[in-house]
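Peer 1: Residue numbers (the working numbering), protein chains in the order written: chain Y, 1 to 325; chain R, 326 to 860.
In short, the hints are calculated from the structure, not lab data.
Check before you lean on any hint, since a few could be wrong.
Stated by the list, open to error - Simulated coverage check for chain Y against chain R, where a stretch passes if three residues somewhere in it have a Cβ under 8 Å from a Cβ of chain R:
1) 22 to 35
2) 80 to 87
3) 91 to 99
4) 161 to 172
5) 281 to 290
Each residue gets a CB set at the ideal place from its N, CA and C atoms; glycine is no exception.
Chain residues, written in single-letter form:
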Amino acid sequence: MAEYIIRRVLQALLVLTVMTLLVFFGVNVIGNPVYIFASSECDQACLSAIIADLGLDQPIWRQYLTFVGNLAQGDMGKSFTHGVPALHLIFERLPATLELAFAALVLALVVGLPMGIYAGLRPDGWGAKLVMSFSMVAFSLPVFWIGIIMILTFSVQLGWMPSVGRGDTVDLGFVETSLLTLDGLHHLAMPAFTLSLIMMAMVIRLARAGMREVMFTDYIKFARANGVPERRVLGAHALKNILIPIVTVLGMEFGGVIAFAVVVESIFSWPGVGKMLIDAIAVLDRPLIVAYLICVVFMFVTLNLLVDILYSLLDPRIRLGGGRA
Amino acid sequence: MRQWMTGALCAAMMTAAPVWAQEVLTIGVRSEASSLDPHWTQLSADVQVHEHIFEKLVALDSASQPIPGLAVSWQPLDDTTWEFKLREGVQWHDGEAFTADDVIFTFDRLKAGISGAPASPAFQLDKGSKQWTKIDDLTVHITTDGPYPTVAEDLAMLPIVAEHAATGATESVDFNNGTATIGTGPFKYDTFNPGDSVTLVKNDNWWGGEVEWDQVVFRPVTQDASRLAALLNGDVDIIDYPPTVDLPQLREDPDFTVSTIPSDRLIYLMPGYKHVEPFITDNDGNVMVPNPLRDWRVRKALSLAIHREAIRDRIMGGASLPAKNIVPPGFFGYVEELEADPYDPEQAQALLEQAGYGDGFRITLHGPNDRYINDARILEAVAQMWSRVGITTEVDAMPRNIFFSRLIRGDELSMPGFDVPEFSMSMTGWGTVAGEATYTVSGTLETYNAATGGGNGNFGRYSNPEIDARSVLAKRTIDPEERLQILQEAIRIGMEDYAYIPLHFQVNNWAMRSGLEHEPRTNERTLATEIHRVE
Chain Y
1 MAEYIIRRVL
11 QALLVLTVMT
21 LLVFFGVNVI
31 GNPVYIFASS
41 ECDQACLSAI
51 IADLGLDQPI
61 WRQYLTFVGN
71 LAQGDMGKSF
81 THGVPALHLI
91 FERLPATLEL
101 AFAALVLALV
111 VGLPMGIYAG
121 LRPDGWGAKL
131 VMSFSMVAFS
141 LPVFWIGIIM
151 ILTFSVQLGW
161 MPSVGRGDTV
171 DLGFVETSLL
181 TLDGLHHLAM
191 PAFTLSLIMM
201 AMVIRLARAG
211 MREVMFTDYI
221 KFARANGVPE
231 RRVLGAHALK
241 NILIPIVTVL
251 GMEFGGVIAF
261 AVVVESIFSW
271 PGVGKMLIDA
281 IAVLDRPLIV
291 AYLICVVFMF
301 VTLNLLVDIL
311 YSLLDPRIRL
321 GGGRA
Chain R
326 MRQWMTGALC
336 AAMMTAAPVW
346 AQEVLTIGVR
356 SEASSLDPHW
366 TQLSADVQVH
376 EHIFEKLVAL
386 DSASQPIPGL
396 AVSWQPLDDT
406 TWEFKLREGV
416 QWHDGEAFTA
426 DDVIFTFDRL
436 KAGISGAPAS
446 PAFQLDKGSK
456 QWTKIDDLTV
466 HITTDGPYPT
476 VAEDLAMLPI
486 VAEHAATGAT
496 ESVDFNNGTA
506 TIGTGPFKYD
516 TFNPGDSVTL
526 VKNDNWWGGE
536 VEWDQVVFRP
546 VTQDASRLAA
556 LLNGDVDIID
566 YPPTVDLPQL
576 REDPDFTVST
586 IPSDRLIYLM
596 PGYKHVEPFI
606 TDNDGNVMVP
616 NPLRDWRVRK
626 ALSLAIHREA
636 IRDRIMGGAS
646 LPAKNIVPPG
656 FFGYVEELEA
666 DPYDPEQAQA
676 LLEQAGYGDG
686 FRITLHGPND
696 RYINDARILE
706 AVAQMWSRVG
716 ITTEVDAMPR
726 NIFFSRLIRG
736 DELSMPGFDV
746 PEFSMSMTGW
756 GTVAGEATYT
766 VSGTLETYNA
776 ATGGGNGNFG
786 RYSNPEIDAR
796 SVLAKRTIDP
806 EERLQILQEA
816 IRIGMEDYAY
826 IPLHFQVNNW
836 AMRSGLEHEP
846 RTNERTLATE
856 IHRVE
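Could you put the whole structure together from the sequences, leaning on the hints where they help?
Peer 2: Shown next, in the form of structure tokens:
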């Protein structure tokens with residue numbers, strides 16, 4: 001296990017290095033940020049001064065070396081837009097996005113799993129058909145459309161839900177969360193539901209397919225033959241087995257949800273990182289874009305690792321570390 | 326039972342009302358303030374928040390004309406010295422007295438440069454090589470290296486910070502957390518939650534008098550539809566940039582009010598004047614020598630071929646002011662008799678014929694698609710209108726982060742200081758923030774000169790000695806009436822020569838719940854002091 005983890009960490013470092021190269025040179029190819037920020041009244045002398053101040057007059061390889069040098073000391077540079085260290089900005093907004101993604105994940109599981117299991121157990125009933133049509137709709141409708149329709153219905157027409165921003169937060173010392181206040185949950189409900197739809201649809205489909213497969217396996221038949229109560233057959237024997245693909249897919253999907261919750265965040269003006277990234281790209285705030293993408297790579301690598309470890313816990317047949325253990 | 330409950334609730338609310346009678350104004354804005362350091366950037370999204378907290382020596386009225394701010398008066402003592410008399414009895418938010426030392430500190434801070442800030446207004450001090458000296462606690466002298474008329478306009482861009490609070494403060498960071506955010510303005514810093522809100526509270530000791538709102542909250546809502554929804558369901562009281570398609574309905578709805586004023590931002594088409602232009606070919610695809618845009622009749626024909634009213638009504642929801650001027654009405658330099666060109670395709674074709682281009686040619690029109698109101702749709706409309714008079718026009722719209730680099734710096738051939746703008750015809754905008762035309766003429770009509778800063782926004786590289794002479798003279802003429810005349814002459818020459826093709830001034834709109842009254846501003850900023858409650 002330890003050896004496996006070390007190997008994965010080394011792989012991750014390699015991926016990170018390649019990413020910094022790609023990202024750094026990538027963002028340097030498109031446009032010059034100085035022309036976007038500087039006032040139109042700023043003349044050539046003024047532009048040159050800004051370019052020199054930001055270090056953009058250096059050859060690109062030297063800029064990269066400086067960047068890597070700073071990165072090694074944990075400094076990812078200062079945002080051109082905000083004048084605040086990029087990492088600070090990301091961590092300031094990450095809790096909001098994590099909270100949204102987490103709420104969406106919980107919703108997807110709590111609603112999706114029972115629906116999927118039900119549809120798997122009674123595949124021909126009209127209830128199952130309803131569930132499957134719902135999952136189809138949730139899959140296919142564009143998120144921004146659903147978001148706007150929800151705002152129109154619940155905020156504008158019915159007036160039940162607030163449409164912008166995050167509600168009251170509670171400071172837990174290390175992080176601020178809106179999960180613990182009523183106002184916070186009120187604000188969270190619509191964006192979290194919108195964000196969860198695709199995951200929910202996926203959970204429904206995976207749970208249904210898994211259930212249909214598992215119910216015909218021998219161990220379920222034996223369990224039933226042994227007189228194990230139906231609830232335990234489903235809850236202990238069947239559920240554990242259908243969870244493996246669900247965990248894999250959700251693990252991957254969760255990373256995507258955090259990294260690219262952009263659409264939902266901008267529709268509901270949720271102060272998360274996704275929205276910040278889009279703004280940063282629009283004005284070529286290079287340090288912020290680079291820092292963010294590196295964080296995302298880091299997150300994906302970590303999530304993959306976690307999913308692998310979770311696997312081995314869910315299914316004892318899976319051993320980490322290449323067969324030796 | 327239910328009735329009784331309602332009654333009790335009402336009673337509870339009524340008795341509670343006086344205790345909780347906080348007047349809170351929530352403003353839904355399209356772009357969020359990126360920093361509360363007033364010297365970090367001069368983008369209007371930031372400046373409009375700064376202006377509640379910090380003030381300038383010179384303020385701008387709703388038509389962007391200079392009025393007394395922290396300075397009560399200013400006048401030139403001679404050709405190169407201006408005397409500013411400061412307002413007496415002004416207090417910082419923490420109770421300290423405001424003096425000339427703060428002004429000197431502010432200018433020194435800007436002069437030293439705000440490190441890492443690409444959009445800082447610091448360059449305003451370099452214009453005219455300004456120097457500053459304190460004469461006494463309430464007098465400051467500004468000297469320039471030659472006669473320089475727009476000192477007051479430049480100082481209207483520079484917010485004054487408190488020496489005792491901002492000394493040693495880290496750029497941006499210490500202003501975002503409030504430690505250095507001590508101003509003299511009508512509102513005080515309360516909280517700043519990036520991405521979510523900026524909250525300001527009333528300054529009871531403001532020299533400008535009673536402040537109407539106890540609290541002002543700026544909420545960024547980037548998406549147009551979401552911002553409108555937030556207004557409709559009451560999450561915010563007023564929004565800027567309501568979507569133009571919804572303006573007609575908002576105007577008719579008794580629950581909402583719309584306020585409107587032409588902005589200082591001119592949207593125009595800039596022809597390229599190089600001998601050979603890469604994006605202009607004849608109908609068979611061959612390069613054209615000379616470039617047909619160098620003939621003023623061609624440029625006039627292009628202008629006459631544009632149906633500006635149709636763009637206003639069909640694309641802009643009525644929110645544009647067709648123009649042939651370079652500054653909006655009410656600004657110093659506005660020329661009354663310059664009226665927007667009428668739509669006249671016949672005359673356009675006749676002019677093309679006369680110039681020898683009766684068969685037309687091909688051109689690519691470049692522009693941004695995320696910078697100006699409905700920019701991509703305007704580009705498409707113009708392209709269709711031009712194609713109709715025989716000039717086959719292709720549109721290449723791109724995000725602003727790519728557009729502006731290519732527009733200004735051009736292709737790989739260019740070197741720093743010798744930029745070769747790339748486009749043969751491009752749509753851009755120019756905002757006359759200072760409220761007067763001197764730098765608009767110099768920036769857009771004067772011949773490009775990297776050393777003097779002339780023609781800084783002249784990306785077509787138009788060059789006309791008659792305008793140059795007047796523009797340079799205007800920049801050195803202190804007497805306002807004389808300067809106005811010189812500027813108007815320069816503008817008239819430029820517009821009659823079709824140096825560029827003005828389309829319209831954008832029109833600023835705000836939408837608010839009924840019960841509010843707003844005095845709109847040309848410079849696109851939303852100020853709580855200009856929003857009032859009405860019964």
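Peer 1: All hints, please: hold or fail.
Peer 2: Against the structure, the hints:
1. Judged by the Cβ-Cβ criterion of 8 Å, the stretch 22 to 35 of chain Y is covered by chain R as claimed, because 6 of its residues qualify and three suffice.
2. Look at the stretch 80 to 87 of chain Y against chain R: 5 of its residues bring a Cβ nearer than 8 Å to a Cβ of that chain, three or more, so the hint holds.
3. As drawn, the stretch 91 to 99 of chain Y meets chain R at 3 residues by the rule of a beta-carbon pair under 8 Å; at three or more, the given contact holds.
4. Counting residues of the stretch 161 to 172 of chain Y whose C-beta sits closer than 8 Å to any C-beta of chain R gives 5, which meets the bar of three, so the coverage hint holds.
5. Coverage of the stretch 281 to 290 of chain Y by chain R holds in this model, with 4 residues showing a Cβ closer than 8 Å to a Cβ of that chain against a need of three.
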